[in-house]
Amino acid sequence: MKVRPLIAAIAAMFALQSGMAVAAPKASGKAATSKVSKPAAKKAAAKAPVRKAAAKPAQKKVAAKAATRDARSTRSAKAPARAVASARGKAPAMRVSLRKPAVAAAALAAPAAVLADEPDAPLALDGNGMPVLGSSAFYVINQRTGEVLLERNAAEVLPIASITKLMTAMVVLDAGQSLSEPVVISEEDIDQLKGTGSRLALGTTLSREEMLQLALMSSENRAASSLARHYPGGEAAFVEAMNVKARLLGLWNTRFHDSTGLNPANVSSPRDLAKMVAASASYPLIREFSTAHERYVPVHGRMLRFGNTNSLVRSPEWTISVSKTGYISEAGRCLVMQTWLHQQPVVMVLMDSYGRYTRTADAKRVRKWLEQAATQRLAAAAQGAGG
2 MKVRPLIAAI
12 AAMFALQSGM
22 AVAAPKASGK
32 AATSKVSKPA
42 AKKAAAKAPV
52 RKAAAKPAQK
62 KVAAKAATRD
72 ARSTRSAKAP
82 ARAVASARGK
92 APAMRVSLRK
102 PAVAAAALAA
112 PAAVLADEPD
122 APLALDGNGM
132 PVLGSSAFYV
142 INQRTGEVLL
152 ERNAAEVLPI
162 ASITKLMTAM
172 VVLDAGQSLS
182 EPVVISEEDI
192 DQLKGTGSRL
202 ALGTTLSREE
212 MLQLALMSSE
222 NRAASSLARH
232 YPGGEAAFVE
242 AMNVKARLLG
252 LWNTRFHDST
262 GLNPANVSSP
272 RDLAKMVAAS
282 ASYPLIREFS
292 TAHERYVPVH
302 GRMLRFGNTN
312 SLVRSPEWTI
322 SVSKTGYISE
332 AGRCLVMQTW
342 LHQQPVVMVL
352 MDSYGRYTRT
362 ADAKRVRKWL
372 EQAATQRLAA
382 AAQGAGG
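Numbering (the working numbering), first residue to last: 2 to 388.
Hint data in this document are derived by calculation from the structure and do not stem from the laboratory. Some hints could be false.
[Stated by the list, open to error] Computed spacing ranges between beta-carbons, pair by pair:
(1) GLY128 / GLY204: 16 to 24 Å
(2) LEU126 / SER179: 45 to 53 Å
(3) ARG256 / GLN178: 20 to 28 Å
(4) SER330 / GLY147: 30 to 38 Å
(5) GLU289 / LEU124: 29 to 37 Å
Ideal placement from N, C-alpha and C gives every residue a C-beta, glycine not left out.
Take these sequences, add in the hints, and give me the full structure.
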């Protein structure tokens, strides 16, 4: 027998068996794995869920960070666009108002209850010991001494709504027209600008005195409109007289375009309005009519009751000489008064209040604060005089 062919045949058989052994695991990977290392597979299976569970929060964190980056990039991309749009006038301002900044600042300085829309909200003081008010602009002054007691945004020019009617009354009384002369409500007195209603129906005829009182006490727009129309030269001459009177009183930030205040172009500043209130206090009829509680007038055969729009005039705690309220959406709720505190005439101007009761609640806060301040001054004076 030859040795070389035998060795070659044995080598070929070993090579064939080795190839089959290598090919079998490739053909059936799962079976080979389970046969070769079952304990290792079990350990891997036990560890796999743990790794997946650990991986999920990491994925969420990554996704959250990515979303945050996207949101930031979106906001940063929108900010310039908004600035450009504002610069080009694509987002026109509907009104000139300081309400939002004032409310936000007040909310930081006082509890929410202080700024709530409540008639008797409590007094809260800011870090400087000043009362926190809900009105965006205000000016409080001792009329006798000229001392400014409180102010915020006192020079800002804002719509004044029906505070306008104080000037309307002064111009009517300055004209010297007969107060007993009949004045008629016509279609020209209907509010075409705001669409407000009135209980003074078309054809209602009242004396000039009655119209004047309804305009001041109940803020009747048709009454104020009819007074302007029955002025010598008509409404245009009346509005011109209002602006002339404003210049004579030194109201440099004040402009009038109608006699009612429905036109938001009627503007002034709190400081100017304090001067206007002081000037109107020199008219006995304005003092009487603006603080009257009520009046009954005949309208088409019926006696209708008209009340004062300022509830404070009916309070025995207040001594008010001049009062006027105002409201249109552009102006917010406004209140001006001349009141007496500690035998001193104090003029309060509260503008651009955001709630139904905020303006009167602010007036109560100011009064309470002034009373506390006066008590403290008297106590300090007594301590200084003793010993």
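Here is how each hint holds up against the structure:
| no. | hint | in the structure |
| --- | --- | --- |
| 1 | GLY128 / GLY204: 16 to 24 Å | violated, 58 Å |
| 2 | LEU126 / SER179: 45 to 53 Å | holds, 52 Å |
| 3 | ARG256 / GLN178: 20 to 28 Å | holds, 24 Å |
| 4 | SER330 / GLY147: 30 to 38 Å | holds, 34 Å |
| 5 | GLU289 / LEU124: 29 to 37 Å | holds, 31 Å |
Hint compliance for this structure: hint 1 alone is broken.
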